[in-house]
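Visitor: Fit chain B to the known structure of chain A by using the hints.
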Amino acid sequence: MKKTLTEIVSPNIKALVVPIVILLVLIILSVISYKIAFLKLTAQREEFTSAKNAEKVLVNKEAVLSQIQGDVSSYVDAVVLAVPSQNPAIAMISQLKILALNKSVTLSSIKGGSESTTQASLMSADITLGIEGPSVAIIDYLKAINTLAPLSTLNRVKINQSVGSARAEAVIRTYFSAFPTKLPAMTEPIKELTAEEKEILSKLSQLTVPSFINLTPQTPVMRESPFD
Amino acid sequence: MVTIGMALFVITAAAAAAYFVINSINLKDSIKNQNILKESIKSLEKTEQSLILTVDRLSKVKEINGKTSVLKELENLSSVLATIPTQTTLTEAVLNRGTTDVTFMVENSTDLTQLMASIIVRTEYQRIDLLSFSFNPSLGYIISLGFASK
Numbered sequence: 012m013k014k015t016l017t018e019i020v021s022p023n024i025k026a027l028v029v030p031i032v033i034l035l036v037l038i039i040l041s042v043i044s045y046k047i048a049f050l051k052l053t054a055q056r057e058e059f060t061s062a063k064n065a066e067k068v069l070v071n072k073e074a075v076l077s078q079i080q081g082d083v084s085s086y087v088d089a090v091v092l093a094v095p096s097q098n099p100a101i102a103m104i105s106q107l108k109i110l111a112l113n114k115s116v117t118l119s120s121i122k123g124g125s126e127s128t129t130q131a132s133l134m135s136a137d138i139t140l141g142i143e144g145p146s147v148a149i150i151d152y153l154k155a156i157n158t159l160a161p162l163s164t165l166n167r168v169k170i171n172q173s174v175g176s177a178r179a180e181a182v183i184r185t186y187f188s189a190f191p192t193k194l195p196a197m198t199e200p201i202k203e204l205t206a207e208e209k210e211i212l213s214k215l216s217q218l219t220v221p222s223f224i225n226l227t228p229q230t231p232v233m234r235e236s237p238f239d
Numbered sequence: 152m153v154t155i156g157m158a159l160f161v162i163t164a165a166a167a168a169a170y171f172v173i174n175s176i177n178l179k180d181s182i183k184n185q186n187i188l189k190e191s192i193k194s195l196e197k198t199e200q201s202l203i204l205t206v207d208r209l210s211k212v213k214e215i216n217g218k219t220s221v222l223k224e225l226e227n228l229s230s231v232l233a234t235i236p237t238q239t240t241l242t243e244a245v246l247n248r249g250t251t252d253v254t255f256m257v258e259n260s261t262d263l264t265q266l267m268a269s270i271i272v273r274t275e276y277q278r279i280d281l282l283s284f285s286f287n288p289s290l291g292y293i294i295s296l297g298f299a300s301k
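The listed protein sequences derive, respectively, from chains A and B. Positions in the first sequence are counted from 1; adding 11 to them yields my numbering. Positions in the second sequence are counted from 1; adding 151 to them yields my numbering.
Simulated from the structure, these hints should not be mistaken for lab results. A couple of the hints might just be wrong.
Unchecked claim - Lysine-lysine pairs mimicking BS3-like chemistry, simulated, CA-CA at most 25 Å apart:
no., chain 1, residue 1, chain 2, residue 2
1, A, LYS114, A, LYS154
2, B, LYS193, A, LYS193
3, B, LYS213, A, LYS154
4, A, LYS154, B, LYS218
5, B, LYS301, A, LYS169
6, A, LYS202, B, LYS193
7, A, LYS209, A, LYS154
8, B, LYS301, B, LYS193
9, A, LYS209, B, LYS213
10, A, LYS63, A, LYS51
11, A, LYS154, A, LYS214
12, A, LYS202, A, LYS214
13, B, LYS193, B, LYS183
14, B, LYS211, B, LYS223
15, B, LYS301, B, LYS179
16, B, LYS193, A, LYS63
17, B, LYS218, A, LYS169
18, B, LYS223, A, LYS169
19, B, LYS213, B, LYS301
20, B, LYS193, A, LYS67
21, A, LYS209, A, LYS193
22, A, LYS169, A, LYS108
23, B, LYS197, B, LYS218
24, B, LYS183, A, LYS51
25, A, LYS214, B, LYS211
26, A, LYS193, B, LYS211
27, B, LYS223, B, LYS213
28, A, LYS25, A, LYS14
29, A, LYS154, B, LYS301
30, A, LYS154, B, LYS183
31, A, LYS209, B, LYS223
To be verified - With the Cβ distance kept under 7 Å, some of the chain A side facing chain B (calculated, not the full set):
no., residue
32, ALA62
33, GLU66
34, LYS67
35, ASN71
36, GLN80
Ideal Cβ positions, reconstructed from N, Cα and C, are used throughout, including at glycine.
Next up, chain A with everything else stripped away, as it sits in the complex:
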């Protein structure tokens, strides 16, 4: 006669079956819930760390902006006059004429060239000057171009001297570039000005700036006779 399984297992083992099953279920449950909890806590921790980093960036950004708030408008004036957004040839010609008067030389010819794109971000326009006067005054004049805003480079100079006076031809390259159109994301770290950049700013602020005259628009006036 065949015995069933319950008959084979001793009563002591039978008594242990229920707690062992409960323990196994508990262990499996614990493992699953620990895994879920661990993942959740790790994700939360990462979120908290990135939030703290973003907060740190914002604190730094606010501090930098508050610190430079007073000075930044003077920085903008200096840099925009040094590198304008549009072709500065007219302003530069005006500057060159004023400088010629101050340096006692005569501008015999002024020729503005067409705009050329040296690079995508920085464009240039050439001005060719004919200068007359004593050679020392011409050299002094050409050296002083470096002190003018907008910024320019002296690309080629030829000086000829006959009895008494000299004549020079110089090619001056002026630069301009479009203004940036986008602000970086709020949480992007802000770049503080370096010591080198502050030095450049202080040099730019010493440049001779073009004098502009702002014409205010006229208000409409009542005509005495509508036919005039």
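Guide: Using the frame of chain A, we list chain B on its own:
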């Protein structure tokens, strides 16, 4: 055994829950602080725009400063002219980046010697080449020199 297992499970679960709650509170605080800071930064938007513009223009200024210019050659020529004898006439000077070709005219050999003596001591040039040398009885000596900048 079951009791111990149960107790361990409960204690760990409680600790995890506490950790979760504390982290949640900290995260909420951080987000709140961020929002306050964002508002404050928004009020400084004009300053930020100005700073971005300044940084952009400064990068362009650096680019321009790195471009070729004959300013150094002009300054060197100016210092050469300041030291040559007064009887010497500069008839022509062509300045290009790195090189300056200059033609001088001197009336007699004494002035020529003085001119050469004043030029030979120049240290701002890498090399000075004699490009041409001629003598005209009515004008004097005509000497062309090529100065190569350092």
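Visitor: Hint by hint, note whether the structure agrees.
Guide: Verification of the supplied hints:
{"no.": "1", "hint": "A:LYS114 / A:LYS154", "in the structure": "holds, 11 Å"}
{"no.": "2", "hint": "B:LYS193 / A:LYS193", "in the structure": "holds, 15 Å"}
{"no.": "3", "hint": "B:LYS213 / A:LYS154", "in the structure": "holds, 20 Å"}
{"no.": "4", "hint": "A:LYS154 / B:LYS218", "in the structure": "holds, 16 Å"}
{"no.": "5", "hint": "B:LYS301 / A:LYS169", "in the structure": "holds, 20 Å"}
{"no.": "6", "hint": "A:LYS202 / B:LYS193", "in the structure": "holds, 17 Å"}
{"no.": "7", "hint": "A:LYS209 / A:LYS154", "in the structure": "holds, 24 Å"}
{"no.": "8", "hint": "B:LYS301 / B:LYS193", "in the structure": "violated, 51 Å"}
{"no.": "9", "hint": "A:LYS209 / B:LYS213", "in the structure": "holds, 12 Å"}
{"no.": "10", "hint": "A:LYS63 / A:LYS51", "in the structure": "holds, 18 Å"}
{"no.": "11", "hint": "A:LYS154 / A:LYS214", "in the structure": "holds, 16 Å"}
{"no.": "12", "hint": "A:LYS202 / A:LYS214", "in the structure": "holds, 21 Å"}
{"no.": "13", "hint": "B:LYS193 / B:LYS183", "in the structure": "holds, 15 Å"}
{"no.": "14", "hint": "B:LYS211 / B:LYS223", "in the structure": "holds, 21 Å"}
{"no.": "15", "hint": "B:LYS301 / B:LYS179", "in the structure": "violated, 63 Å"}
{"no.": "16", "hint": "B:LYS193 / A:LYS63", "in the structure": "holds, 19 Å"}
{"no.": "17", "hint": "B:LYS218 / A:LYS169", "in the structure": "holds, 19 Å"}
{"no.": "18", "hint": "B:LYS223 / A:LYS169", "in the structure": "holds, 15 Å"}
{"no.": "19", "hint": "B:LYS213 / B:LYS301", "in the structure": "holds, 22 Å"}
{"no.": "20", "hint": "B:LYS193 / A:LYS67", "in the structure": "holds, 16 Å"}
{"no.": "21", "hint": "A:LYS209 / A:LYS193", "in the structure": "holds, 23 Å"}
{"no.": "22", "hint": "A:LYS169 / A:LYS108", "in the structure": "holds, 19 Å"}
{"no.": "23", "hint": "B:LYS197 / B:LYS218", "in the structure": "violated, 32 Å"}
{"no.": "24", "hint": "B:LYS183 / A:LYS51", "in the structure": "holds, 22 Å"}
{"no.": "25", "hint": "A:LYS214 / B:LYS211", "in the structure": "holds, 15 Å"}
{"no.": "26", "hint": "A:LYS193 / B:LYS211", "in the structure": "holds, 17 Å"}
{"no.": "27", "hint": "B:LYS223 / B:LYS213", "in the structure": "holds, 17 Å"}
{"no.": "28", "hint": "A:LYS25 / A:LYS14", "in the structure": "holds, 16 Å"}
{"no.": "29", "hint": "A:LYS154 / B:LYS301", "in the structure": "holds, 19 Å"}
{"no.": "30", "hint": "A:LYS154 / B:LYS183", "in the structure": "violated, 57 Å"}
{"no.": "31", "hint": "A:LYS209 / B:LYS223", "in the structure": "holds, 24 Å"}
{"no.": "32", "hint": "ALA62", "in the structure": "holds, 4 Å"}
{"no.": "33", "hint": "GLU66", "in the structure": "holds, 5 Å"}
{"no.": "34", "hint": "LYS67", "in the structure": "violated, 10 Å"}
{"no.": "35", "hint": "ASN71", "in the structure": "violated, 10 Å"}
{"no.": "36", "hint": "GLN80", "in the structure": "holds, 5 Å"}
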